[in-house]
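Chemist: Letter by letter, the chains look like this.
There are 2 protein chains.
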Amino acid sequence: MKVMNYKDAELKAEKAAKGAGIRWLLSERDGETGMAMRVIEIEAGGQTPDHAHSWEHQVFMLKGEGRVIVEGETRAIAPGSAIFVAPGENHTFHNDSGETMEFVCMIPVSATKAYEH
Amino acid sequence: MKVMNYKDAELKAEKAAKGAGIRWLLSERDGETGMAMRVIEIEAGGQTPDHAHSWEHQVFMLKGEGRVIVEGETRAIAPGSAIFVAPGENHTFHNDSGETMEFVCMIPVSATKAYEH
Numbered sequence: 001m002k003v004m005n006y007k008d009a010e011l012k013a014e015k016a017a018k019g020a021g022i023r024w025l026l027s028e029r030d031g032e033t034g035m036a037m038r039v040i041e042i043e044a045g046g047q048t049p050d051h052a053h054s055w056e057h058q059v060f061m062l063k064g065e066g067r068v069i070v071e072g073e074t075r076a077i078a079p080g081s082a083i084f085v086a087p088g089e090n091h092t093f094h095n096d097s098g099e100t101m102e103f104v105c106m107i108p109v110s111a112t113k114a115y116e117h
Numbered sequence: 001m002k003v004m005n006y007k008d009a010e011l012k013a014e015k016a017a018k019g020a021g022i023r024w025l026l027s028e029r030d031g032e033t034g035m036a037m038r039v040i041e042i043e044a045g046g047q048t049p050d051h052a053h054s055w056e057h058q059v060f061m062l063k064g065e066g067r068v069i070v071e072g073e074t075r076a077i078a079p080g081s082a083i084f085v086a087p088g089e090n091h092t093f094h095n096d097s098g099e100t101m102e103f104v105c106m107i108p109v110s111a112t113k114a115y116e117h
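The listed protein sequences correspond, in order, to chains A and B. Once you know that position 35 of the first sequence is 35 in the working numbering, the rest is easy, because the numbers rise by one and skip nothing. Once you know that position 46 of the second sequence is 46 in the working numbering, the rest is easy, because the numbers rise by one and skip nothing.
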């Protein structure tokens with residue numbers, strides 16, 4: 001078992017993102033697992049880069065309001081939104097609200113080596 | 001891509017749980033994925049059964065306060081708690097607050113066949 005508060009994980013700046021950071025919560029460091037849990041934080045007016053990779057995202061929105069754009073299609077997102085970005089899909093998250101946007105972002109554990117964590 | 005609000009997923013009663021329900025948000029039905037996202041809701045004073053299975057959980061607490069008991073060890077949980085339950089560990093979630101407890105509960109997609117969804 002591991003229990004932690006997400007605010008106790010260091011907020012690391014996300015390179016290539018405008019005003020975004022990442023907190024690593026759960027990963028292969030915590031035991032036998034097939035996935036990793038992070039919280040992404042995007043400052044008011046900030047965004048993540050439009051990019052694609054071979055692994056999926058499963059996202060749950062906690063705070064803030066804005067848009068996700070996947071393969072050119074725009075959808076509104078707000079607290080309570082669940083978002084699936086399939087492997088290979090281009091995606092970018094925009095915070096259009098006046099507060100920090102926060103969301104849980106799950107990836108397969110096989111993809112964690114692509115990130116500093 | 002899929003975007004939905006978690007409240008738009010049907011709340012199904014959890015058998016063998018006292019006052020608990022589950023909303024299925026993302027799974028193999030939504031495309032190529034290695035995991036599934038659900039939200040578990042536990043009424044005030046309710047709990048999930050103490051049980052174990054061969055798959056892990058990665059949990060993020062949204063609402064309510066209480067305890068998780070894993071292999072006999074009790075830890076307090078509240079909004080913002082990230083919880084890892086390793087494969088095979090006995091676990092039960094208790095809602096000790098006066099409001100409904102809600103948490104995101106991730107499982108590997110290989111385990112979804114163990115659940116009605």
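None of these hints come from the bench; they were simulated from the model. There could be a bad hint or two in this list.
Any copy will do: because identical chains look the same in the list, a pair fits if it lies in one copy or spans two.
The calculated lysine to aspartate or glutamate pairs, modelled on EDC-like cross-linking and capped at a C-alpha distance of 20 angstroms, are [to be verified]:
#1 Lys2 with Glu14
#2 Lys18 with Glu43
#3 Lys12 with Glu89
#4 Lys18 with Glu116
#5 Lys113 with Glu71
#6 Lys7 with Asp96
#7 Lys2 with Glu43
#8 Lys63 with Glu102
#9 Lys2 with Glu73
#10 Lys12 with Glu71
#11 Lys12 with Glu73
#12 Lys2 with Glu65
#13 Lys2 with Asp50
#14 Lys7 with Glu71
#15 Lys18 with Glu102
#16 Lys7 with Glu73
#17 Lys15 with Glu32
#18 Lys113 with Glu73
#19 Lys7 with Glu102
#20 Lys18 with Asp50
#21 Lys63 with Glu14
#22 Lys15 with Glu116
#23 Lys15 with Asp30
#24 Lys7 with Glu89
#25 Lys63 with Asp8
#26 Lys12 with Glu32
#27 Lys113 with Glu43
#28 Lys2 with Glu89
All figures in this text were calculated on a predicted structure; none of them were measured in a lab.
Chemist: Compare the structure with each hint and give your call.
Modeler: Hints, one by one, checked against the model:
1. Lys2 with Glu14: Neither: 25 angstroms inside a copy, 24 angstroms across copies.
2. Lys18 with Glu43: within (8 angstroms within a copy, 40 angstroms between copies)
3. Lys12 with Glu89: neither (25 angstroms within a copy, 31 angstroms between copies)
4. Lys18 with Glu116: within (18 angstroms within a copy, 41 angstroms between copies)
5. Lys113 with Glu71: neither (25 angstroms within a copy, 30 angstroms between copies)
6. Lys7 with Asp96: neither (23 angstroms within a copy, 22 angstroms between copies)
7. Lys2 with Glu43: For Lys2 and Glu43, neither the intra-copy (28 angstroms) nor the inter-copy (24 angstroms) Cα distance is at most 20 angstroms.
8. Lys63 with Glu102: both (5 angstroms within a copy, 15 angstroms between copies)
9. Lys2 with Glu73: between (37 angstroms within a copy, 11 angstroms between copies)
10. Lys12 with Glu71: neither (27 angstroms within a copy, 33 angstroms between copies)
11. Lys12 with Glu73: Neither, since 29 angstroms and 31 angstroms both go past 20 angstroms.
12. Lys2 with Glu65: For Lys2 and Glu65, only the inter-copy Cα distance (17 angstroms) is at most 20 angstroms; the intra-copy one is 30 angstroms.
13. Lys2 with Asp50: between (33 angstroms within a copy, 17 angstroms between copies)
14. Lys7 with Glu71: neither (32 angstroms within a copy, 26 angstroms between copies)
15. Lys18 with Glu102: within (14 angstroms within a copy, 31 angstroms between copies)
16. Lys7 with Glu73: The answer is neither: 32 angstroms in one copy and 23 angstroms across copies each exceed 20 angstroms.
17. Lys15 with Glu32: Neither, since 29 angstroms and 28 angstroms both go past 20 angstroms.
18. Lys113 with Glu73: neither (29 angstroms within a copy, 31 angstroms between copies)
19. Lys7 with Glu102: Both. Shortest intra-copy (11 angstroms) and inter-copy (19 angstroms) distances satisfy the 20 angstroms Cα cut-off.
20. Lys18 with Asp50: For Lys18 and Asp50, the Cα distance is within 20 angstroms only inside one copy (11 angstroms; across copies 44 angstroms).
21. Lys63 with Glu14: within (18 angstroms within a copy, 28 angstroms between copies)
22. Lys15 with Glu116: Within. Shortest intra-copy distance 10 angstroms satisfies the 20 angstroms Cα cut-off; inter-copy 41 angstroms does not.
23. Lys15 with Asp30: The answer is neither: 25 angstroms in one copy and 30 angstroms across copies each exceed 20 angstroms.
24. Lys7 with Glu89: Neither, since 29 angstroms and 26 angstroms both go past 20 angstroms.
25. Lys63 with Asp8: Result: close both inside a copy and across copies, 18 angstroms intra and 18 angstroms inter.
26. Lys12 with Glu32: neither (24 angstroms within a copy, 29 angstroms between copies)
27. Lys113 with Glu43: neither (25 angstroms within a copy, 39 angstroms between copies)
28. Lys2 with Glu89: between (32 angstroms within a copy, 12 angstroms between copies)
Comparing the model with each numbered hint stated earlier shows that hints 1, 3, 5, 6, 7, 10, 11, 14, 16, 17, 18, 23, 24, 26 and 27 do not hold.
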